[in-house]
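Quick mapping for you: the protein sequence lines, in order, are chains A and B. Residues 0 to 327 in numbering that gives the first Met the number 0 are what the first sequence spells out, letter by letter. Residues 0 to 327 in numbering that gives the first Met the number 0 are what the second sequence spells out, letter by letter.
Calculated directly from the structure, the hints in this document are not laboratory data. Quick caveat, the model's predicted, so the values are computed rather than measured. It is possible that part of the hints are untrue.
Same chains, same names: a pair is fine if it fits in one copy or spans any two.
[Stated by the list, open to error] In silico DSSO-like links for lysine-lysine, alpha-carbon gap of 30 Å or less:
#1 Lys-70 <-> Lys-101
#2 Lys-101 <-> Lys-81
#3 Lys-325 <-> Lys-182
#4 Lys-101 <-> Lys-182
#5 Lys-216 <-> Lys-151
#6 Lys-187 <-> Lys-325
#7 Lys-187 <-> Lys-70
2 protein chains.
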Amino acid sequence: MRVSFDELKDAFDKALVKAGLSEDRAKLCAQLFTENQCDGVYSHGLNRFPSLMSHIASGQIDVHSEPECTKALGVVEQWDGKMGLGQVNAHVAMGRAIEVAKEHGMGCVGLSNTNHWMRAGAYGLQAADAGCIGMCWTNTTVLMPPWGAEGKRIGNNPMVMSIPRDGGHLLLDMAMSQYSNGKLEILKQRGEDLPLAGGYDSEGNLTCDPGAILDSKRALPIGYWKGSALAVMLDVLAAVISGGLSTHQIAAQGSEYAVSQTYIALDVTSLVGQGVREQIVNNVVNDLQEAGEDVRYPGAGMLRIREESLELGVVVDEGQWNDLLKMG
Amino acid sequence: MRVSFDELKDAFDKALVKAGLSEDRAKLCAQLFTENQCDGVYSHGLNRFPSLMSHIASGQIDVHSEPECTKALGVVEQWDGKMGLGQVNAHVAMGRAIEVAKEHGMGCVGLSNTNHWMRAGAYGLQAADAGCIGMCWTNTTVLMPPWGAEGKRIGNNPMVMSIPRDGGHLLLDMAMSQYSNGKLEILKQRGEDLPLAGGYDSEGNLTCDPGAILDSKRALPIGYWKGSALAVMLDVLAAVISGGLSTHQIAAQGSEYAVSQTYIALDVTSLVGQGVREQIVNNVVNDLQEAGEDVRYPGAGMLRIREESLELGVVVDEGQWNDLLKMG
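Using the sequences provided together with the hints, build the complete structure.
Following this line, the structure appears as structure tokens:
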């Protein structure tokens, strides 16, 4: 079924206010959750909302806590997320990186001690909306084996890059695993195979069977050794820039909290001017579009779903939608 | 066969001086080529040297040209490489990013109109040697199809991340193709298959046969659609930050020159102090080493080969070595 953007946002908002968030914070989180669902990122819209609510209820997330800048070195700052709302902390951190970029060309914030930011790409879009190139990444708990090992020991550490464009921003939002656990679970339920091998079975053979990968816990990093190495680098970068925990320390806590993140903004619009920026970006987009209908520039799929959602209503699972209404 | 580091460096130096480089520039390029070979990056040591020499001889590379800062916005600068030596331009650009980082925490240089920088990782090591996190990437001519297409249209756009560490820097140096053309050619000559599928054959099937991939020109991006999207983002970022050419414009020239690059340095040692930095980085390295002998942190392989090269001499191909001596 479909509901309107505003209807969905109001429902999120009511539930968040009831959970104890201030009016401003509820509004921001409701906006982000609704945009995630509207853009087709269903894994981090309605689907993830109950887990946020339960972490608020359990006290793991402190809805009143304010992130704080604890150290600055020129355009680089360290912020302590104080175990507050992951989305609020992320929005403040990218907002601060943008503010520094507007003044000095580029800004960087390392954020420690924060919670799940839901959809990574949201903060790339935040930078692009401000005319900035955005880059951000987070570490996670252990989710896959490093190349050469069998046991889970590294995160899938989603990384985002965004480039502003009047006709729709370019956005890359990708985890270092070839498929997310959520994707594997959905395909297993449907009895479908993966289109391409996504991990190993328990005998150590590459497989397209999502159930076999969930059993072995051996999801494949993108590009085998390359994605494994990139995941390690992103983890260390996030930890060292923020002064926070790295993946194996997060895993040692038993559940995923107090993660480390990095936010970078670069004011490309002031650097080259809006006209030149559009020309360079559109040049590449047009060249890709000439390659055929099946070729998409990063962000094209999101834009198509967003337009459809705004015209026809946002797709929601009926059960999840009814659950949300009950929370409000 | 093996030759000593200094012997190899002297031979590169003589050949470069004879090709018309100033004493300083010959020394820098000889040092970089020798380090590449010493670290086991044989694809960008002796192996690539003749191609540099022929580009100098043909006048594509101007050995006297000086890169120039053409625009600055706070900590972000645009430099024109003026079709000079790729290694010299890269070294100047990362050097400038480091200089800005030492003053303002972070620095970024976009470099347009430059030539092949040989080993990408060299400039990551340069940042790490200065106590900085380094990030840099380059675009290239068209080398693989974007996901969903059959014809070559995007670059393999190597990307580097480095993190300083007293016991040996962490270094990621990776192209967006699963295997380089050089690797495919070497394995084809030896009659060996790839360990994992590296592209499509002419009928559109994934294959481990390097010859079939070279014939179809359909090398596989790391992580399929993910590496394809990352390659596109790196291309646009390099072009828009430097104001230079993007991959399809480079390809339209007929041969690969006037590429665009991005250099970022972040002075992490001043940010957190050397002791804290070592502790955070070593924590992750130690955790990976516990996973078993086959698990390597990014940069571990390089360090092992470097130590062996410095102890026993640098491995050289006898034919390539004799050719180098003749050039001096």
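Hints, verified against the model:
1. Taking the closest pair of Cα atoms, Lys-70 and Lys-101 come within 30 Å of each other both inside a single copy (20 Å) and across two copies (16 Å).
2. Taking the closest pair of Cα atoms, Lys-101 and Lys-81 come within 30 Å of each other both inside a single copy (26 Å) and across two copies (29 Å).
3. Only within a single protomer do Lys-325 and Lys-182 lie at most 30 Å apart by alpha-carbon distance; the minimum there is 27 Å, versus 58 Å between protomers.
4. In this assembly of identical chains, Lys-101 and Lys-182 lie within 30 Å of each other by CA distance neither inside one copy nor across copies; the values are 38 Å within and 44 Å between.
5. In this assembly of identical chains, Lys-216 and Lys-151 lie within 30 Å of each other by CA distance solely inside one copy; the values are 7 Å within and 35 Å between copies.
6. In the homo-oligomer, the alpha carbons of Lys-187 and Lys-325 lie at most 30 Å apart inside one protomer (29 Å), although the nearest pairing across protomers, at 63 Å, exceeds that limit.
7. For the homomeric pair Lys-187 and Lys-70, neither the shortest alpha-carbon distance inside one copy (46 Å) nor that between copies (54 Å) is at most 30 Å.
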